[in-house]
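These are the residues of each chain, in order.
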Amino acid sequence: LSGKAARSGVVAAIAGAALLAAPAAADAHGLVGRADLPIPDWLFAWAAAAVLAISFFAFAVFWQEPVLETNVPKERFTIPVFVDVMCGAIGVAIMFGLIYAGFHGSQLDSENVVPTFIYVFFWSLLPLLCAIFGDLFRAFNPWRAIGRAGGWVVNRISGENLPAPFEYPEKLGRFPAVFFLFGFGFLELVTLSGRHPDVLATAIIIYAFVQLIGMTLFGVDRWLERGDAFNVYFNVFSRISPLTVKNRKLATRLPLSGLTDFTWLPSTVLFFCASIGITAFDGSSEGSVWQSFSKTLQSVFTDIGFGPQTSLQIAFTIGLILSIAIVYGFYRLGIEGMVSSHIDMSAKELSRTFAPSLVPIMLGYILAHYFSFIMFQGQAMFAFVSNPLGHGTNYFGTANVKINYRFLSTNTIWYFQVLVLVIGHVAGLAVAHDKALAVWGKARAAVQSQIWMLVVMVGFTSLGLWLLSQANQ
Amino acid sequence: MTIFSIVLPVAHAGHWLAGLLYLAPVVILAGGIAWQRINDRRNP
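Chains as they are written, first to last, in my numbering: chain A, 854 to 1326; chain B, 436 to 479.
No wet-lab data here; the hints were simulated from the structure.
Treat the hints loosely; a few may be bogus.
Claimed, not checked - Take a look, some chain A residues computed to stay more than 10 Å from chain B by CB distance: (1) P919; (2) E922; (3) I985; (4) A992; (5) S1011; (6) G1012; (7) P1018; (8) F1071.
Said to hold, decoys possible - Interface residues of chain A toward chain B, partial, derived using beta-carbon atoms under 8 Å: (9) W895; (10) A902; (11) I1304; (12) V1308; (13) V1311; (14) S1315; (15) L1318.
Everything numeric in this text was worked out from a predicted model, so none of it was measured.
Every residue, glycine too, gets a C-beta built ideally from N, C-alpha and C.
Work out the full structure, taking the sequences as your base and the hints as a guide.
Quick look at the structure:
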């Protein structure tokens, strides 16, 4: 075997072993107890793989010219300035409302609006809303609104448009955003107090403070695109949407076409892999094998001298990092496979060129893993709007609305999970195929380059379905 | 020491074996591509 082939083999072996070694999972936010599926659940993974393979060949035959790459958004109308200001003000009001609720409301996460708002609405549902309606978060981003308002005031006082005091170190790319995204995953999945309202309120204050410093030093837009994890996170989902706003003009475009002009910066691939890895670890961290393994790890650190809680958190930190590394390794497997196909691009160039194809997968993973969480725990928002602090208020008469757990059967949830995972991966294949057509021009070369991407997509689908299936046993 | 007492979770062999069925499409696909690649090199 040549060096490249051998290298691909090693990567394949590692990724395969990682897939096998990944812990049996229980969806941290899912409901258990699915039964009576007409076929074994592993057959869904085979069917999903077949759908992906058929889609791949359908693209090869019927999709011969780049469509997404050449799509030009059509401007529809100008959005008045006051809408931008109003949305920003609403975002700031929500942020301060959450901080107030976090400190002054009940400290039980089931009685306080903050945990449900952040983990259900913000983290799980908003990505879907952005994928449908465009970059909603950017419009309501509170620290962006404060940063822009501060910049406006300073410019008015000085009488000129002052430049940012410091040049952003471009080598860092989106690494600050990766760091903060990992921090959010750490808060949610590793710390023992990640659901405490006062801890979440403190985290909001610290994060907003850091963002304001970053915007002050490097400029609002430059920092937001690189250092605001949530701005990057929701912006990439909004690129799936047929709606976009540029220079205050609302425009329509082909769904997914926004991914074609996503600005590549260092650490972007890591950001995408971190997003998928956090979701995957959320699904796997309550599985029996992981719990058994984490206990072993915990005892190792306890023997070294750490306390039991610290040891457990170290073990979960390792698990979170491992999960992200598995996702990154599997993507690299596809890239190494493409390199071995005698393509005149380096692994680095290929990695950044096809990174946007991971975005629909990110969305598929999020929707599949958090679907039941959104549909059931999301109902709690009806009660929280009337009683956000848990102090017994009933502003809108909905404080006593209970969660209806019979709203959806567990089989329906499973079918939806399979569906969104498959759609997400087919969409990822479509984005990669269109990009390959634009890069190589000829359909044959594009298809040859993408055969390994198909392996990556099938692998991610199988992994996702396996994680979900374990949750429902 | 605990570090020497780490054992493979054999008790969960059922989970692992079931997991193999999920891995099968990836193995089949990657194996097929690799096989084709080797054939192409042998018979250019």
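Hint check:
1. P919: 24 Å, holds
2. E922: 26 Å, holds
3. I985: 30 Å, holds
4. A992: Check passes; 40 Å lies beyond 10 Å.
5. S1011: Holds, because the least Cβ-Cβ distance between S1011(A) and chain B comes to about 59 Å, which exceeds 10 Å.
6. G1012: 62 Å, holds
7. P1018: 50 Å, holds
8. F1071: Non-interface label stands for F1071(A): nearest chain B Cβ at 42 Å, farther than 10 Å.
9. W895: Hint on W895(A): holds, closest Cβ of chain B at ~4 Å, below 8 Å.
10. A902: 3 Å, holds
11. I1304: 6 Å, holds
12. V1308: Cβ of V1308(A) sits 5 Å from chain B, so the hint holds.
13. V1311: 5 Å, holds
14. S1315: Holds, because the Cβ-Cβ distance from S1315(A) to chain B comes to roughly 5 Å (cut-off 8 Å).
15. L1318: Since chain B brings a Cβ to about 7 Å from L1318(A), closer than 8 Å, the hint holds.
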